[in-house]
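**Q** Take a look at the letters that make up each chain.
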Amino acid sequence: MSTVEHAPMSTQTTTTKPNVVARALAHPSVRGLGLVVALGILIIVGLITAGQRFGSLDNALTILRFAAVVGVVSVGMTFVITGGGIDLSVGALVALSSVWATTLATQTMAEDFHWIVMVGCALAVGSGAGLINGLLIAYGRIAPFIATLAMLAAARGLAEIIAQRRTQIVEVDGFLEVFGGDVIGIPVLVIMFALVAVAGWVLLNRTTFGRRTVAVGGNPEAARLAGIKVQRHTVLLYVLLGLACGIAAVMIVARTNTGSSTHGSLLELDTIAAVVIGGTLLSGGRGTIVGTVLGVLIFATLTNVFTLNNLDTSTQAVAKGAIIVAAVLLQQRIAGRSGAS
Amino acid sequence: MPDPFLLSMRGIVKIFPGVRALDGVDLDVRAGEVHCLLGQNGAGKSTLIKVLAGSHRPDGGEIRWLGEVVGLSSPTAAIAHGIATIYQELDLVDGLTVAENVYLGHEVARGGFVDRREARQRTRDLLARLGHPEISADQEVGRLSAAGKQIVSIARALSHDVKLIVMDEPSAVLDGEEVDNLFRVVRQLTEQGVAVVYISHRLAEIRQIGDRVTVLKDGRTVIVGLSAADTPTSELIELMTGQSVLNTFPARPGVRQDAPVVLDVQGLSRNAEFSDVGFTVRAGEVVGLAGLVGSGRSEILETIYGARRASSGSVAVRGAKLRNGSVGAAVKAGIGLAPEERKSQGLLLMESVTSNISVACLDRFAPGGFVRFGAERSAAADQARALDVRPTGVDRLVRTLSGGNQQKVVLARWLLRECRVLLLDEPTRGVDVGARGEMYALIRRLADDGVAIVVVSSEVEEVLGLADRVLVMREGRVVHEGPADEIDERRVLDLVMEEVAA
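In order, the protein sequences belong to chains B and E. Just so we're aligned, residue 1 is where the first sequence starts under the working numbering, counting upward by one. Just so we're aligned, residue 342 is where the second sequence starts under the working numbering, counting upward by one.
Read the hints as simulated data drawn from the structure, not as lab findings. A few of these clues could be false.
[Said to hold, decoys possible] Example chain E residues on the side facing chain B (calculated, C-beta under 10 Å, incomplete): (1) E643; (2) V668; (3) V672; (4) L678; (5) P680; (6) L688; (7) L690; (8) E692; (9) S699; (10) V700; (11) A701; (12) G709; (13) F714.
Since the structure is predicted, the reported quantities are computational estimates derived from the model, not experimental observations. Ideal Cβ placement from N, Cα and C applies to all residues, glycine included.
One chain only, chain B, in its complex shape (with noise of 0.2 Å):
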């Protein structure tokens, strides 16, 4: 018996102008391409009302510095969000992590043993309340949202207690020569950045946790009747951010010399930002690294304009508040077209 079922979009005939333009305006690639051009009308405004002093090889260096740690962290949060979830605990990560791994304890321990265990610690910290962050999601079943906030506030009370609310100097040479430093002109934190964009960009798209990711994201019980553990790798979702939120307390620690209770603070919003307007899902299920990247050098850059034209940061913030309202509007439109059949 020969089907005669008919699926809708199998008789395109009729090919009009405006939908070519809906439908490439739809493709993934396409929409990395907007974030390019936004990029570079932003850089050509850098160029015109700053001139060299934005041009400069210094200030480009300058800028990606300023991203990598919240790149870090941005990549880490690209997974949660596609996985359906949301971390607003972030900077509160960073904050303890920096401080944990700069305790007078650490480091003695670091003066004695190797830097290494500074980086380790900080590290260990991160994923650690990565794992209560994501056990309580998913074992213990309360919102994303409510258990991240919760450790939002725990995180950066703990990061005062320890810190006793002063800011902790670095005195390991080792760490601050490894980490202040640069190969071949470019400082080792944007190596770093780079390094985590590409790993986390093979992750997502070319491993299998990657696509289990936007599976559990995209439709949970699907996912879970496919015998994808689900709540396991929520749980892995919220470590693999907390470690990057450790990366990032590391590169914070080395870019000031110091820990402290105040690093990374609206961290969370920053990030989430530069995920959105990158293009990932809010609602999950959908993620691109390449987009996260485009998104954190978009707000690092116009934060760097903005400043080189003694614009004060409170400009900068509605100006944020702008893009992010553009960004999602544009996307929503995109993704209402796409799916109107």
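Using the hints provided, position chain E relative to the given structure of chain B.
**A** Below, chain E without anything else, positioned relative to chain B:
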């Protein structure tokens, strides 16, 4: 001269990017009639009712309402004219009460303040008019059954003084008794002069409730206003599919008695849902579970699959007992489930056909965790070809496939895993009538290849036609077990109803 029709649509065209969803549809509806809209998935029924509801603006054609040309530019405009639509996914707010839902958007207010007492009273009147005074106006809608929600939706429509109610597959979520109830309500409405446009897949229902039938195919009207009572079923199917189709079931070759028992379920119970269910399935055998919605059929499948935890009893595959409540263990043992709610439980709609097929055995294409796309894609393509998924092309999003082809994708997923046991929950739900025969043939072919299959279906005819052996369920218990060809539909229905009626 007055128009004889309440509503008449002429040459309605609606174009979406790349698709002419409606390509010249005509529809005439008289006051006080039940007008059935028939058509396969993708024929344009949903689009047409969205045009009627004012949520899609047509790109061409003319709509006359009470003889006047009207433009239904928004849902508000449609309601203002007296056209209400009750969608398949009932658009009620679960957290509000019945009365609040009925008057949502046009609250009974006095001087800016909501008059709750008046709203409650009017809601009670509406519910009484619908013959459902037992539904309390103060009840939270989320606590109502699907049937109750439907009544509330109808009450909401009536609160707008409507002349035409469009119902999109209202019976899909109801059981037999609830459907009878709904039909009583529909008849009452039509007696009061309200017209109903009724959409359903079930031809028997259309014969029972409908006055006239309009058939859509490929976005065009095939025939307008056929008599619902006198048109033979075969003719309706012919009109819908463009070919003569009978629900032919594939021949049963008979199960070899020496075929090994693959699935062995013993004394399986789960709290209030079902108790002491036991049966075996041999390689190459199809076992059917018949029973009403709520008789525990789907729950049994999900428990065998480990998605629910059994309170007692055991499930074994080829003699090895499975860990209770573990989907992982079931999948590893070679069990696959095609769930009832395909879209919400089975598919990753935004993903490609390839991803959906490979999701359950991704590891095979990913040595060391890195996915080898070529191998994954060609394996998925092989399965898609073997099951004849159309249109071809495994990069296509699953969302764009028809119901039958989506179901094939779910099956392909488990075949790729080389499943030895397939649990099929309502395998032809949402599958067009014309494509069902193909699905039946496919299921039989899988059995012939040695897969042990358990089928659950609300349609008794389907269970009897497809299965080698039938288990009849009533209120969580097996009340009959025997070869499918030794029992008829009538006897099954008697068994299923017996206690319910008492």
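**Q** Indicate, hint by hint, whether the structure satisfies it.
**A** Hint check:
1. E643: 9 Å, holds
2. V668: The hint holds - E/V668 has a Cβ within 10 Å of chain B, the shortest such distance being about 6 Å.
3. V672: 4 Å, holds
4. L678: 6 Å, holds
5. P680: 6 Å, holds
6. L688: 6 Å, holds
7. L690: 7 Å, holds
8. E692: 7 Å, holds
9. S699: At about 8 Å, which falls below the 10 Å cut-off, the nearest Cβ of chain B leaves the hint on E/S699 intact, so it holds.
10. V700: With Cβ-Cβ at 5 Å, under 10 Å, it holds.
11. A701: Hint on E/A701: holds, closest Cβ of chain B at ~5 Å, below 10 Å.
12. G709: Interface hint status for E/G709: holds (9 Å vs cutoff 10 Å).
13. F714: Nearest chain B Cβ about 8 Å off; hint holds.
Going down the numbered hints, you'll see the structure goes against none, and every one checks out.
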